[in-house]
Amino acid sequence: MTTGISLVRENAESMQPPRTLWVSFPLGRPLGKPDDAAFQHRVIDAALKLLRAPSGPVLADFPEDAPPAGLNDAPACPVSFSKPTEDNDSWNAALRAELQTLVPWHDLGKRRRAGRSLVGVSGYSMTENIEKLGTLLDNETLPIAELKWFKSAIEDAKVFYLEALTAQPGRYNQEQLERLFWHETALGTAILKFNKMFTAHAELSYMSRIIVPRTVLT
Amino acid sequence: MSKVQPPLGPMVWTHLNREIAELRIALITTAGLHFRDAPGFEFIDSTFRPISGSEDADNLVMSHSSVNFDKVGFTEDVNLVFPIDRFRELEADGKIGSLAEIHYSFMGAGLNPEAYATSASQVAGLLKQDKVDAVFLTPV
Numbered sequence: 008m009t010t011g012i013s014l015v016r017e018n019a020e021s022m023q024p025p026r027t028l029w030v031s032f033p034l035g036r037p038l039g040k041p042d043d044a045a046f047q048h049r050v051i052d053a054a055l056k057l058l059r060a061p062s063g064p065v066l067a068d069f070p071e072d073a074p075p076a077g078l079n080d081a082p083a084c085p086v087s088f089s090k091p092t093e094d095n096d097s098w099n100a101a102l103r104a105e106l107q108t109l110v111p112w113h114d115l116g117k118r119r120r121a122g123r124s125l126v127g128v129s130g131y132s133m134t135e136n137i138e139k140l141g142t143l144l145d146n147e148t149l150p151i152a153e154l155k156w157f158k159s160a161i162e163d164a165k166v167f168y169l170e171a172l173t174a175q176p177g178r179y180n181q182e183q184l185e186r187l188f189w190h191e192t193a194l195g196t197a198i199l200k201f202n203k204m205f206t207a208h209a210e211l212s213y214m215s216r217i218i219v220p221r222t223v224l225t
Numbered sequence: 028m029s030k031v032q033p034p035l036g037p038m039v040w041t042h043l044n045r046e047i048a049e050l051r052i053a054l055i056t057t058a059g060l061h062f063r064d065a066p067g068f069e070f071i072d073s074t075f076r077p078i079s080g081s082e083d084a085d086n087l088v089m090s091h092s093s094v095n096f097d098k099v100g101f102t103e104d105v106n107l108v109f110p111i112d113r114f115r116e117l118e119a120d121g122k123i124g125s126l127a128e129i130h131y132s133f134m135g136a137g138l139n140p141e142a143y144a145t146s147a148s149q150v151a152g153l154l155k156q157d158k159v160d161a162v163f164l165t166p167v
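Those protein sequences? They're chains A and B, same order as listed. Note that this note's numbering has the first sequence beginning at 8, numbered continuously upward. Note that this note's numbering has the second sequence beginning at 28, numbered continuously upward.
Incorrect hints may have been included.
Coverage of chain A stretches by chain B, computed from C-beta distances (three or more under 8 Å per stretch; other residues unrestricted) [said to hold, decoys possible]:
id: 1; stretch: 35-49
id: 2; stretch: 71-79
id: 3; stretch: 83-97
id: 4; stretch: 169-177
id: 5; stretch: 200-209
It should be emphasised that the hints constitute simulated quantities derived from the structure, not laboratory data. Predicted model, so just to flag it, every value in this text is computed and none were measured. Note that beta-carbon positions come from the ideal geometry of N, C-alpha and C, so glycine has one too.
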């Protein structure tokens, strides 16, 4: 028998799995709040209780929300980014310089998180990935033969940035972080440039949708 | 993929025939989790990765292909996505019977449910082998 959580009520309503607890939390956070064991236990208990339902399908709503941190609650951004531009003389240099400003903050965040980081899924170092991404843009080239590397490299890079920007303890507003990443960093501008290049490519336009979130493009 | 999908299939219902405190429970996530040394998921991928309950879950990484959700919450606390410590606490407190030896991770993006049928049935066999009574499903 199964029970579980749904973040998208329409999915659970239409697909009708036997027992589902719908939660109002943002995507990426099915248990609601990080580092809040009591809150997470309330979510789990509510989903486990559905195992006792006499018949199904059962779709219950979790009664609590996990509101995001307010804009003024988050610790201050540790880095001042230069205004990014799509017309960099050298993307390679701009991205490497930006990476250097973030390295100490990423190190700090990693220490605070007892060594935990999601960076490294691409199998290459941040410097290798950033230099290669910069060189591709400097040559106005798409990594047609290395799409898997490309996708994991930009994911690694984005996670590195966000882990660095959240190095200090505190509650962060995710929308604020996303806005900062996509509109104030050279890397965000670089990925948006790749997005435009992929959009214009006859066979690879689908890549444009899997490198930039819908909310940034609309 | 549309938010509204056809029902998964003919309704299947298993009655709870004992206390939750006696159940052996496994976790299954669609968050594309795996240990760093396991192969990552492809853009579109219906395979699964085993997550041993005896390994340190803090070493889990994520190669989910969607860019539409926050991954840093998971960096901050594995349990936000894969609540293994919470279930260990439930086991220690006697609120569930036991935890499975192995849990499982899929990458839920870009495919309709039927694409996972073969993998899902393989996992069902593995869960039976591990004498699991109930599965706790988490999305991302």
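> Any of the earlier hints contradicted here, and which numbers?
Replying inline: 2, 3, 5
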